[in-house]
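Q: Go ahead and model the full structure; you've got the sequences and the hints to work with.
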Amino acid sequence: MAETDSPDFDLLWYLEKLNKKEFMSLKNHLKQECLEIGLPEIPGFDLRTAKPDLVNLLTTFYEAQHVWNMMLSIFQKIRRADLCEKIKARRKRNRETHKALIKNKILLQWEKCLFENVHNTFYEETIVEVLRKLDTVYDPRSTFYTKDVFLVGEKGAGKTMVMKVVLLQWTHGDIWKDVISYIVHLTSHEINQMSESSLVELISKEWPSGQAPVADILSDSQKLLFILEDMDNVDASLNVDESALCSDSRKHVPVSVLLSSLFKRKMAPGSLFLISLRPDGKAAVTASMKKNYCITLKFSDEKRKKYFALFFKDSQKAARALKLVQENDMFVNLCQVPVSCWITCVALNRQVEMGGEGKLSCQTLTDLYAHFLANTLTSGAGMTTSQRRRTLLERLCLLALEGLWHDTLHFTDGDLRSVGLTKADVSALKALRILLPSSNCTDHHTFVHLKIQEFCAAVGYMMLLSECQIPSANKKYPERRERYNDFSPITTSIFGLLNEKRRKILETSIGCNLLTGELKKYFLQKMKYVGDHPKTVEHHTPLFYCLFENQDEEFVKQIMDSFLEVTIYIQENKDLMVSLYCLEHCRLLQKLKLSVQCIFENKEPHMLTPSKMRSLVYWRDLCNLLHTKENLKELEICNSDFDDTSERVLCKALTHGSCHLQTLKLSYLSVGTRFEDVFRAIVYNPNLKFLSLNCVPHSLKMFSLLGEVLENPVCRIQHLSLMKCDLKASECQEIASLLIKSKNLKKLTLSNNPLKNEGVKILCNALLHPDCTLESLVLLFCCLTKTGCISIGRVLMLSKTLKHLDLGVNLLENLGVSILTLPLMFPTCKLQELELSGCFFTSDVCQSIALVLTNNSNLRSLELGSNDIGDKGVEMLCDALKHPKCKLENIGLEECMLTSGCCASLASVLIRSKTLKKLNLLGNDLRDEGILQLLEALGHPDCVLEAVGLQINSVAAETWKSLLTVKKKNTRLTLLYQSWAAKKGREVSYNVGDIRAVSLPPTVPVLPRLNWHLICFHMPRKFRHKKSAKVSKQPPPSSST
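The letter at position 250 of the sequence shown is residue 266 when you use our numbering, and the numbering goes up by one with no holes.
These aren't lab readings, by the way, just hints derived from the structure by calculation. Be a bit skeptical, because a hint or two may be false.
DSSO-like mimics (lysine-lysine), calculated; alpha carbons at most 30 angstroms apart, straight line [claimed, not checked]:
(1) Lys542 with Lys517
(2) Lys668 with Lys759
(3) Lys607 with Lys542
(4) Lys104 with Lys67
(5) Lys121 with Lys108
(6) Lys221 with Lys446
(7) Lys542 with Lys221
(8) Lys33 with Lys121
(9) Lys119 with Lys33
(10) Lys67 with Lys280
(11) Lys491 with Lys542
(12) Lys108 with Lys282
(13) Lys280 with Lys306
(14) Lys772 with Lys1000
Estimated spans, in silico, between C-beta atoms of each pair [what the hints assert, rightly or not]:
(15) Thr524 with Thr159: 37 to 43 angstroms
(16) Arg603 with Leu531: 27 to 33 angstroms
(17) Pro285 with Lys33: 54 to 60 angstroms
(18) Glu962 with Lys536: 56 to 62 angstroms
(19) Pro156 with Gly54: 31 to 37 angstroms
(20) Arg433 with Pro224: 40 to 46 angstroms
(21) Asp251 with Pro487: 18 to 24 angstroms
(22) Gln332 with Pro224: 50 to 56 angstroms
(23) Asn136 with Thr524: 32 to 38 angstroms
(24) Leu63 with Pro224: 48 to 54 angstroms
(25) Tyr993 with Ser924: 21 to 27 angstroms
(26) Arg157 with Arg281: 17 to 23 angstroms
(27) Arg281 with Gln92: 33 to 39 angstroms
(28) Gln332 with Cys614: 31 to 37 angstroms
Note that beta-carbon positions come from the ideal geometry of N, C-alpha and C, so glycine has one too.
A: Spelled out as structure tokens, the structure:
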């Protein structure tokens, strides 16, 4: 029997080298070794066990690394140095073999890399610092020492390149010498292919026939490094219960258990990790590894400059191209990784090579991508005829489009063949570097960058292509990064290509003809719909990107004329740039809501960078719209952060003599937000009448500023809204002070605050102060009960100014409403409008309400919706409504449990009342017979009603016919479609960027949301063969608008 280097080391060979005495000594030591390592005793083992039986027992009950570590220790104790040396020599040979396998694998991958040498040269010069950090971080002597290292970077930032370089350096002995003995390298694709595995199987995957020297690899697991690429793309959950973790390297377990067991060192204790991921996936992965060190691959302006210099090899040409990029935030944002820089350089190369001092023609990303395709497809070998270029482009675009529709970014050979790409085509596309071998999926191809696949897909939408389905469409579970759900970049590029100038870049160079007619009509229709219904989208920034790409002045103006109300969400300079462009073309703009985040953060307050300078220029021009747009009357600033400079720019615009704003809303601002100057600017704008601070946390500072503003005699604010500010009774004294000291304040809205009875009592005392001039108070959903009605009743009886009071959605019940009715009958009561919707009272109190109607000649409007009044209660109210002393003009009875049984009485009111102009009965099941009775009354010549709300969505055809007849006869009559809950001013504005913050009552009708990111699902397409288009990925129902 001979010693072997195979992974199944022949333990028996070593035992056969022992004489009887040595073997007996080995067995004597074995029990103590087990105890020292923490291994359980072997059942059935005693000193009489023979060598073959001992081998069988050891390999059955213990993992290989434990067996060999014990053997090495015992051989030293029994003085068999020769056997110890053999084990050490074998381990050394296996380490060298492992390095050779890793080296061959990396070199093979390198040979397949088709990028120009500029890429390799760039990385060699720029990742030196990263390699230095990686070399020291695993060294226990280093101040940065850790076992878990994360390499974080965007797609294409060079994470894979760093991994390959570091692996090669390690195989050459230039890094991690005596620190790391073995490396297990896995990509997310490889991990996702496993449902379950064992650590032994994981380690063995790179070894010939899957036979790895597991015992040697795990014998010193503190020198074992796991390199996991794209960990944020792994589908397996890392949230595994502690009890499910596994410590046996031989056991097959679910891959989630295997990874979690490794991360928590249940397996391979002391092992090291180097994990690459993208920034947006960092939090989920790092949560399971508390002590870690992050290396972020950032692409600085200096690195971008270096890349351009390496590509163009001429400083003047490089500077010219770089200047174009630096002046355009779209291009700056694109050129954040080397591969995007390469695409940009290729796109600009032909124009730069032509020389001259003229400005480069690229203005938008559509320009850039169109020039990239034009330059590549006309420069390769064999691209001499337009037919060849056109055919290749069609097949490429079909591949791109089908890939995105079917969640495929990495294509098999079968996928390529299915769209008509031949081996020659693929070779040509690889030579042009439009397609590349996938870095993490063996025998797959991918586009050079997702942006190029998206642009090709957009071009595909505008071409007459054949119908096909790639084989990868049948895969059941696409990987996390392959799940493509946001089609807005495709839509944006299509908009860009609707511009004839940009379209001609491709059409002229490739010899193709892109279809535009139906697409232009389709998008014009969709954009106008959004303009007419602004609430169907959360914000309009994605739409504005589309218009910015188009830049056809007449087309953009035509669309923007539909927008009277706009919401924009700004997180980057490019968001600000495109929003400004579109708002400048919005001639009829009346309302603007904006959320500005990140771009004015005070990270380096004393350093004015080029990016910050551009931000301020865009911001200045946007703020200028406040005094150049004559129709702009309302501005809402939501969830925003400003620095001193940007706040001053805003204030200057607010105080401009031509600023016609009447409403200013500040919402969802954090406690520490700087807005002192904005508050003070309010004083100097005489047009501002309404100030809203909804969803802003209260503070003494805020009330101090409010007092300073509202007490100023120059201030013209008449309506203050503090909805959903978490105001409690303790803050009511501050509010009361505002009511007394402000001479112009006429309306105060405090809805959605837990003021409770104690707080309202304080407010009521202020309302009775002789200096208080408030006319309207809204206390909707303020946690009031019947007890609070006593204080409110005093106000109703004694206040000389209060004309409107909203107590909706408070638990007043019958007793509370009864308490209110008495002061309402006093001749001193000046109230004209009372809202008691959703106050939990019944018909038992309707007689008291009826008495109010006949005794209070000032009362003009009464809202009683969403209370259990029923037919019995309405009968009592109808008697009062017909009374000649009743002057009521509006009554709301939505959702009051009414039936057709009360319709005769209501019809009588419609004919006999000379003052009632509005009646809302929405949400009541009156049936056809009840509605017909009301319609007959509405058609009566004595009926003066002007607006009625009826539940008519399921009425019979005959009832519809009667309704149309009445409408034709009574031309002044309008139909109401909104209940009390949808009344203007009740809604709490949503927090842009967090649509979940919206909480509307179920009675509020909401238009279906238009999922702009899926809009291209419904775009008209034409196919070469006359077949119906098969939509394979269905959008959600809500996007069907």
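Q: Please go over all the hints and tell whether each is borne out by the structure.
A: Comparing the hints with the structure gives:
1. Between the alpha carbons of Lys542 and Lys517 the distance comes to roughly 23 angstroms, so the proposed pair stays at or under 30 angstroms and holds.
2. Note on Lys668 and Lys759: the hinted pairing holds, with a Cα-Cα distance of about 26 angstroms set against a maximum of 30 angstroms.
3. Between Lys607 and Lys542, the direct Cα distance comes to roughly 20 angstroms. Compliance with the 30 angstroms bound is thereby established for this hinted pair.
4. A C-alpha spacing of about 22 angstroms is found between Lys104 and Lys67, which places the hinted pair at or below 30 angstroms, so the restraint holds.
5. Taken as a hint, the Lys121 and Lys108 pair is honoured in the structure, with Cα atoms around 20 angstroms apart against an allowance of 30 angstroms.
6. About 29 angstroms separates the Cα atoms of Lys221 and Lys446, which keeps this hinted pair within 30 angstroms; it holds.
7. In summary, the hint linking Lys542 to Lys221 is not supported, as the alpha carbons are separated by about 53 angstroms, beyond the 30 angstroms threshold.
8. A distance of roughly 38 angstroms separates the Cα atoms of Lys33 and Lys121; the hinted pair therefore is violated under the 30 angstroms criterion.
9. Only pairs whose Cα atoms come within 30 angstroms are accepted, and Lys119 paired with Lys33 is rejected, the gap being roughly 36 angstroms.
10. Of the pairs offered as hints, the one joining Lys67 and Lys280 is violated, with about 37 angstroms between alpha carbons and a cut-off of 30 angstroms exceeded.
11. Only pairs whose Cα atoms come within 30 angstroms are accepted, and Lys491 paired with Lys542 is rejected, the gap being roughly 33 angstroms.
12. The hinted pair formed by Lys108 and Lys282 meets the criterion: a straight-line CA distance of about 26 angstroms does not exceed 30 angstroms.
13. A C-alpha spacing of about 10 angstroms is found between Lys280 and Lys306, which places the hinted pair at or below 30 angstroms, so the restraint holds.
14. For the hint linking Lys772 to Lys1000, the alpha-carbon distance of about 24 angstroms falls within 30 angstroms, and the restraint holds.
15. Against the hinted window of 37 to 43 angstroms, the Cβ-Cβ separation of Thr524 and Thr159 comes to about 60 angstroms, which falls outside the hint.
16. The hinted window of 27 to 33 angstroms between Arg603 and Leu531 holds, with their beta carbons roughly 30 angstroms apart.
17. Checked against the hint of 54 to 60 angstroms, the pair Pro285 and Lys33 fails, with Cβ atoms roughly 31 angstroms apart.
18. A hinted range of 56 to 62 angstroms for the beta carbons of Glu962 and Lys536 is inconsistent with their spacing of about 43 angstroms.
19. Separated by about 23 angstroms at the C-beta atoms, Pro156 and Gly54 break the suggested range of 31 to 37 angstroms.
20. Take Arg433 and Pro224: their Cβ atoms lie about 32 angstroms apart, and the range 40 to 46 angstroms is violated.
21. A hinted range of 18 to 24 angstroms for the beta carbons of Asp251 and Pro487 is consistent with their spacing of about 21 angstroms.
22. In this structure the supplied range 50 to 56 angstroms holds for Gln332 paired with Pro224, their Cβ-Cβ distance being about 54 angstroms.
23. Here the CB-CB span from Asn136 to Thr524 is close to 34 angstroms, well matched to the stated 32 to 38 angstroms.
24. The hint said 48 to 54 angstroms for the Cβ distance between Leu63 and Pro224, and at roughly 40 angstroms that hint is violated.
25. For Tyr993 and Ser924, the Cβ-Cβ distance of about 25 angstroms falls inside the hinted range of 21 to 27 angstroms, so the restraint holds.
26. Between Arg157 and Arg281 the beta carbon distance is about 21 angstroms. The supplied range of 17 to 23 angstroms therefore holds.
27. The hint said 33 to 39 angstroms for the Cβ distance between Arg281 and Gln92, and at roughly 27 angstroms that hint is violated.
28. In this structure the supplied range 31 to 37 angstroms holds for Gln332 paired with Cys614, their Cβ-Cβ distance being about 35 angstroms.
In this structure, the earlier hints numbered 7, 8, 9, 10, 11, 15, 17, 18, 19, 20, 24, 27 are contradicted, and the remaining ones agree with it.
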